[in-house]
Amino acid sequence: METKKPIIEKEHVVIKFTGDSGDGMQLTGHQFSDTSALMGNEVVTFPDYPAEIRAPKGTIGGVSGFQLNIGKDEVRTPGDFVDVLVAMNPAALKANRQWLKAGGTLIVDIDAFTEKNLNKVECVNPFDNDDLDGVQIIKAPMTKMVQEALVDSGLDNKSILRSRNMVALGIAYWLFQRDLSYTEDYLREKFSKKPEVAQANIDAVKAGYNFGENLQYIRSYKVNRAFITPGTYRNINGNLATAWGLLAAAEKANLPLFLGSYPITPASEILQEISNRKDLGAVSFQAEDEIAGIATSIGASFAGHFACTSTSGPGLALKSEAVNLAIIAELPLVIVDVQRGGPSTGLPTKPEQSDLLQALWGRNGASPIPVIAASTPSDCFEYAFNAGKIAVENMTPVLLLTDGFIANGSQPWKIASMKDLPEIKPRFVKEGKENYFPYERIEGTMVREWAVPGMKNYEHRIGGLEKMAVTGGVSYEPLNHEVMTFERAKKIADIAEQIPEQQVYGKNKGKLLIIGWGGTFGHIYTAYNELLEEGVEVSYTHFNYINPLPKNTEDIFKNFDKILICEMNEGQFLKYLRTEFPQYNYKQYNKIQGYPFTISELKTAIKQNLED
Amino acid sequence: MSEKQQLTFKDYKSDAEVRWCPGCGDIAILKAVQTAFAEMDIPKEKFAVISGIGCSSRFPYYMDTYGFHTIHGRAGAIASGVKTANPDLSVWQITGDGDALAIGGNHFIHEIRRNIDVNVLLFNNQIYGLTKGQYSPTSLFGQKTKTSPYGTVEAPFNPGSLSIGAGATFFARGIDVNVKDNVEILLEMEKHKGISIFEILQNCVIFNDGAHSYFTDRENKADRQLLVKHGEPMIFGKDNDKGLVLDDEYRLKVVNIGENGITKNDILIHDAHNTSPILHFELAELKEPVVLGVIRSVNKVSYHEAVYEQIEQVQATAKNKSMDDLLSSGSTWVVE
Ligand code: SF4
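Protein chains in written order, with our numbering: chain A, 1 to 612; chain R, 1 to 336.
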């Protein structure tokens with residue numbers, strides 16, 4: 001007898017896969033997100049994993065999660081609260097229960113809810129009380145299912161159990177009526193050398209899906225296709241987009257790319273990707289430490305390469321003396337800081353925006369440097385590219401800030417085409433120039449010309465000692481130092497002419513202007529939009545160019561009674577704006593919990609500031 | 001042959017006025033480097049001279065080549081970047097005992113480990129000169145300096161055994177004022193593929209005058225120095241009557257030729273090309289005589305060769321030839 005099963009139709013659904021860090025939740029989440037994107041949904045993802053690679057099994061500290069938000073229209077964040085929670089064990093449930101919406105769906109591996117596992121997290125059986133009332137629960141015996149389904153696979157029990165996540169994926173696919181073919185192709189490709197493992201995983205997905213088919217009284221979800229601008233798309237995370245943006249800039253500048261770097265969470269993937277790009281001739285140098293990472297890059301820049309280095313906050317601190325060398329030597333260089341929670345080792349895997357003041361001012365002496373912040377996983381491409389363009393065309397190091405949230409988060413990206421990207425023109429000195437002086441400024445600019453070793457007749461010396469204006473000889477003259485200090489500052493300030501003007505969402509005048517910068521765009525923009533729909537009148541502007549600020553910044557500020565700065569730190573952008581434009585009425589909303597904002601808390605904060 | 005050969009050391013002098021203290025050993029080293037560069041078959045614009053911080057690190061300003069006076073300790077890393085980016089350049093790193101072995105120690109051992117094809121001139125004066133007289137990692141145990149008024153309680157590094165221990169493919173030692181010998185060594189360094197370390201025992205007349213005089217004094221030097229040459233017996237002394245042999249424990253031992261039946265034929269022949277570093281290590285460590293000349297010179301693939309060979313290999317069969325290829329690689333989908 002065929003009964004039509006009830007379906008929950010939604011505009012957005014937030015799903016979170018959670019389990020032990022060895023349970024393969026990241027892979028499971030990626031598969032779900034790729035498949036959803038292919039089926040025409042908007043997707044934003046957020047991996048949330050522990051700092052310890054192998055925290056004790058079954059403990060809260062070892063819980064790894066992958067959250068994604070799929071929708072039929074603009075999805076900007078991975079979502080606050082979860083509609084569907086997959087929990088592979090009691091620890092995962094305990095750590096994430098608070099995020100599950102009332103009326104949501106919980107999928108568990110019921111075989112993992114043993115007394116022993118419950119005791120590990122000091123937890124009574126959640127199915128024995130009313131804690132989960134109102135939640136649609138799917139108790140799937142995933143462990144047994146995978147063992148049965150793969151009994152003839154030829155794999156040992158340990159390998160079989162490793163496919164438990166694929167059963168969970170299969171159930172989730174059923175719950176959303178997803179097509180299995182993308183994952184099947186993926187598994188065949190990934191295990192092309194071990195077809196038996198590929199088949200076992202495919203069988204496990206199917207076992208999960210079929211289990212769903214046979215469930216009674218469970219409502220499945222339906223999320224319609226999104227309206228998406230036509231074009232070719234791919235999923236991309238912020239670190240990959242950053243690496244590609246740098247590669248694209250190098251290609252546009254017609255310079256070979258050199259990346260000197262040292263592994264550090266959450267930035268290592270940039271070094272890994274560039275190391276993989278030997279096909280494009282990129283040179284990666286895994287240095288002995290953070291300082292050598294930037295120092296080798298400065299050497300490569302001196303030798304005429306498109307040079308970059310990638311790191312996170314602690315690494316940026318180590319690099320700061322070398323950043324200053326690039327500043328005084330006036331050499332192009334891109335420094336990427338994928339921010340994480342600090343100070344010290346802090347929260348290596350959690351996002352925060354607390355390196356802003358370090359980026360702006362954390363060096364000895366007057367050391368102006370352009371600071372740019374990307375705001376979404378995919379726009380890391382654009383901002384990395386622009387960081388490269390500004391560096392090369394202005395002969396300066398540039399600091400690009402991203403954070404662990406957008407670096408690891410992914411979203412579909414309409415693939416850029418190289419022909420649509422702007423030109424990048426290195427400032428090489430022309431052949432045949434007489435009397436080359438390393439610190440002579442190109443007419444009408446503050447930028448010096450670039451002569452690199454190997455160019456005949458332009459032999460010259462540069463270095464970290466103060467330079468004589470124009471000639472570049474060592475100079476301790478008091479007035480010259482002042483002149484050079486101002487020249488360096490003006491060179492950076494002039495970049496305001498090269499960057500786009502600041503845009504405002506909403507009216508250009510009003511009671512309250514919300515400000516965000518960097519990786520919080522998705523959350524603040526969504527909160528702003530929801531408020532708009534509720535009829536709340538506010539305006540919003542989001543900063544990507546931090547130093548110099550867009551030249552119309554003040555024109556925007558002066559038309560608002562109040563300015564609310566929302567950032568994931570204790571108020572660093574606020575401090576900066578107070579220094580630049582002290583006369584405005586600033587308010588702040590901050591979160592320093594290693595987690596992104598939630599939309600609801602932002603809305604509350606904005607409303608409160610409107611009322612006050 | 002080329003116009004290059006008409007250049008003299010003067011062509012490598014820059015306009016900058018040399019600011020080292022009168023009598024400083026650096027001045028003779030500068031002369032040797034300028035002379036050697038003029039003799040090398042390398043166009044002037046292809047030299048890159050990279051230094052860190054310290055008295056010696058002012059060196060690039062005095063050379064009419066491309067030069068980069070960088071930050072304390074980091075010259076090794078910066079030079080590594082220069083050479084890796086453009087292997088066509090002849091890269092010379094100028095550093096001192098403080099710059100290379102204290103603050104820059106990590107970069108020093110790693111540029112050696114990687115066998116980066118740079119030529120390192122390590123000016124060893126066993127003191128911090130630029131900061132006016134504090135002890136360095138090569139100051140003698142017990143040495144009194146401004147920061148060790150009662151004598152240091154630290155054992156010094158021997159730059160030779162440190163380099164060889166870290167895997168240096170070339171190590172030589174010289175004395176600042178021996179311009180002729182030093183030019184020869186510099187020419188050999190240029191030919192050597194991979195890292196070449198040249199420890200130059202340099203006299204700081206102001207803060208550590210006579211640090212090396214025990215074996216550089218006119219009266220004693222013949223008996224306290226041994227200039228080794230590959231393929232020649234290791235004989236020294238005023239009367240050429242001393243030499244090195246291996247004792248029963250395979251340690252180097254000084255013997256007198258003509259005593260106890262020892263003849264010239266018993267003296268060890270120097271083999272700088274021996275891949276085993278054991279004897280080179282011992283030669284570097286010898287206190288008396290102090291061994292000068294090229295102690296070790298062996299072949300091994302240098303870093304940039306390996307880097308570019310790998311890139312070529314990958315590119316030969318790579319699907320992605322350009323950024324556009326990469327952007328549309330992997331799983332993509334079309335929205336219409
Ligand atoms: S202080 Fe010593 S090392 Fe420095 S320049 Fe003077 S003599 Fe030479």
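It is worth saying that the hints were derived from the structure and are not from the lab.
Please note that a few of the clues may not be correct.
[What the hints assert, rightly or not] Calculated from the model, a selection of chain A residues having no Cβ within reach of chain R, i.e. all distances over 12 Å:
(1) 34
(2) 56
(3) 124
(4) 136
(5) 195
(6) 234
(7) 250
(8) 260
(9) 276
(10) 281
(11) 284
(12) 344
(13) 465
(14) 529
(15) 548
(16) 595
[Stated by the list, open to error] Pairs of lysine-lysine, BS3-like flavour, derived with a Cα cap of 30 Å:
(17) A:278 to R:46
(18) A:252 to R:321
(19) A:414 to R:319
(20) A:425 to R:31
(21) A:456 to R:31
(22) R:319 to A:456
(23) A:425 to A:551
(24) A:433 to R:321
(25) A:430 to R:13
Since the model is a prediction, treat every value here as computed from it, not as a measurement.
We put the beta carbon where it would ideally sit given N, CA and C, even for glycine.
Cross-check of the supplied hints:
1. 34: Violated, because the least Cβ-Cβ distance between residue 34 (chain A) and chain R comes to about 7 Å, which does not exceed 12 Å.
2. 56: holds, 34 Å
3. 124: Its Cβ never comes within 12 Å of chain R, the nearest being 44 Å, so this holds.
4. 136: Non-interface label stands for residue 136 (chain A): nearest chain R Cβ at 31 Å, farther than 12 Å.
5. 195: holds, 20 Å
6. 234: Residue 234 (chain A) is in fact no farther than 12 Å from some Cβ atom of chain R, at 4 Å.
7. 250: Label violated. Min Cβ-Cβ 9 Å, cutoff 12 Å.
8. 260: Incorrect as stated: the minimum Cβ-Cβ distance to chain R is 6 Å, not above 12 Å.
9. 276: violated, 9 Å
10. 281: violated, 6 Å
11. 284: Not fine: 9 Å to the nearest Cβ puts residue 284 (chain A) too close to chain R.
12. 344: holds, 21 Å
13. 465: The claim breaks: residue 465 (chain A) does not keep its Cβ more than 12 Å from every Cβ of chain R (closest is about 6 Å).
14. 529: Holds: least Cβ distance 22 Å, greater than 12 Å.
15. 548: Per Cβ check, residue 548 (chain A) is outside 12 Å of chain R; nearest 26 Å; holds.
16. 595: Non-interface label on residue 595 (chain A) holds, nearest chain R Cβ at 30 Å vs cutoff 12 Å.
17. A:278 to R:46: holds, 26 Å
18. A:252 to R:321: holds, 14 Å
19. A:414 to R:319: Holds: residue 414 (chain A) and residue 319 (chain R) sit about 21 Å apart, inside 30 Å.
20. A:425 to R:31: Roughly 40 Å separates the two Cα atoms, so the pair is violated.
21. A:456 to R:31: holds, 23 Å
22. R:319 to A:456: Violated. Residue 319 (chain R) to residue 456 (chain A) sits at ~37 Å, over the 30 Å cutoff.
23. A:425 to A:551: holds, 23 Å
24. A:433 to R:321: Roughly 35 Å between the alpha carbons, so the hint for residue 433 (chain A) and residue 321 (chain R) is violated.
25. A:430 to R:13: holds, 25 Å
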